[in-house]
Amino acid sequence: MAFKKDLTNTLLLAQKLGNPHQSFESIHVAGTNGKGSTSHLIASVLQSAGYKVGLYTSPHLKSFRERIRVNGLEVSESFIKDFVNQNKKAIKEISPSFFEITVVMAFEHFAKQQVDFAVIETGLGGRLDSTNIISPVISIITSISMDHQDMLGDTIEPIASEKAGIIKENVPVVVGNLPDSALKVVQLVAKEKNAALDEPLSAMTRIDQLDSDLSPQVIRLNLHTVERAINQLRSIGLSVNNDHFSAGIKNVVAQTGLKGRWQILRNEPLVICDVGHNEDAVLWLMNQISKQPYERLHIVWGSVADKSIEKVLPLLIKECEYYFCAANVPRAMKAEELQLLAKEIGLEGGAYASVGEAYHMALSQADSGDLIFVGGSTFVVAEIKDL
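One point on numbering: in the numbering used here, the residue at position 207 of the sequence shown is 207, and numbering is uninterrupted.
Fair warning: there could be bad hints in the mix.
As the list claims (entries may be wrong) - In silico EDC-like cross-links for lysine to aspartate or glutamate, where the CA-CA straight-line distance does not exceed 20 Å:
#1 52 with 243
#2 343 with 321
#3 250 with 213
#4 191 with 213
#5 259 with 74
#6 259 with 213
#7 250 with 211
As the list claims (entries may be wrong) - Label pairs and their computed distance ranges (CB to CB):
#8 179 with 88: 41 to 47 Å
#9 62 with 236: 33 to 39 Å
#10 346 with 235: 18 to 24 Å
#11 306 with 213: 30 to 36 Å
Treat the hints as calculated values from the structure; they're not laboratory data.
Remember, predicted model here, so these are calculated numbers, not experimental data.
We treat Cβ as the ideally placed atom computed from N, Cα and C, and that holds for glycine.
With the hints as constraints, model all of the structure from the sequences given.
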């Protein structure tokens, strides 16, 4: 993922294509955790209301095409090939990163498909993220906590400042539950930009009444933010009623293709995967696991090699059989290295050459009443055969 000092490349490439992002209304979503689920939920609600909706998310799990969807349908291979071939000269001239090319490709696809709205998820941060060339009708910041400190800053305040970089002049901003230090930064930026700030005032009262094909745990985390975002959209003229809202929440996985969020892959043994990987996400995941009934717990775990691993490992459940592995990406921490770090803090388990091998071993060791959890990295989840 590219994290550049400015948006020049994205702006230049978009300009070469006639600024496709200016031909549709957009909703911009940033946040440390929950931005992907929130983006999918909003897209699903708008689809249920009859709108043609583009959805841009990253990273993908199984196929690059997952990143760019219209009403849940992935962008075609032929469009991707044509885009690259037709823009070879501009790409050579500007030398944009993979992420910058992908963002402009998404905008071009949405423009050609004549979407009514596009829900655009930031990649990293917000202020300097390639997606930040859009002028959205609302901005959303789902959460702010420690993640990507090497690029966004070592404390909450600079991270909040980067996320708040998506706030635009006179454009309302909806925020989830933020720590006070982060909220103060967001409030200040919103005031400077004259952007109306919609903060959470009370807990949702009707979560349990809403069915969904996404797990209730993930819904509970994000629904209040989604509901307030939809209310903001209603206030600017969108026709979304309560039936549309309920249908969008109920069918979010079917309508958008959302994967990897507390997703049940098998029963007997129960197998659950989740892409959450930073401190806040892992704390939440361990809490959810502890609430599940099981005889024995097996965790297939891999990580990228960065300094946050030393803060994340101590959060993992100790009474468990671990299967340490490395995803097939350059950033992955070697399984043996991860195993050694884990052993120092009392986490026991074997090291396996691949995610597939670790997962197969966990399945072979587990009895029908056991729980297998797969996580630690988006890349690990992406390599599970059952996803």
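Comparing the hints with the structure gives:
About 18 Å separates the Cα atoms of residue 52 and residue 243, which keeps this hinted pair within 20 Å; it holds. Between residue 343 and residue 321, the direct Cα distance comes to roughly 12 Å. Compliance with the 20 Å bound is thereby established for this hinted pair. In summary, the hint linking residue 250 to residue 213 is supported, as the alpha carbons are separated by about 6 Å, within the 20 Å threshold. At roughly 38 Å between alpha-carbon atoms, residue 191 and residue 213 are farther apart than 20 Å, so this suggested pair is violated.
Between the alpha carbons of residue 259 and residue 74 the distance comes to roughly 14 Å, so the proposed pair stays at or under 20 Å and holds. Between residue 259 and residue 213 the alpha-carbon distance is near 11 Å, which keeps this suggested pair within the 20 Å criterion. Restraint check for residue 250 and residue 211: satisfied, since their Cα atoms lie roughly 5 Å apart, inside the 20 Å limit. As the Cβ distance of residue 179 to residue 88 is approximately 46 Å, the hint placing it in 41 to 47 Å holds.
A hinted range of 33 to 39 Å holds for the C-beta pair residue 62 and residue 236, which are about 36 Å apart. Distance hint check: the CB atoms of residue 346 and residue 235 are about 52 Å apart, inconsistent with the given range 18 to 24 Å. In this structure, residue 306 and residue 213 meet the distance hint of 30 to 36 Å, their C-beta atoms being roughly 33 Å apart.
Going down the numbered hints, you'll see the structure goes against 4, 10, while the others check out.
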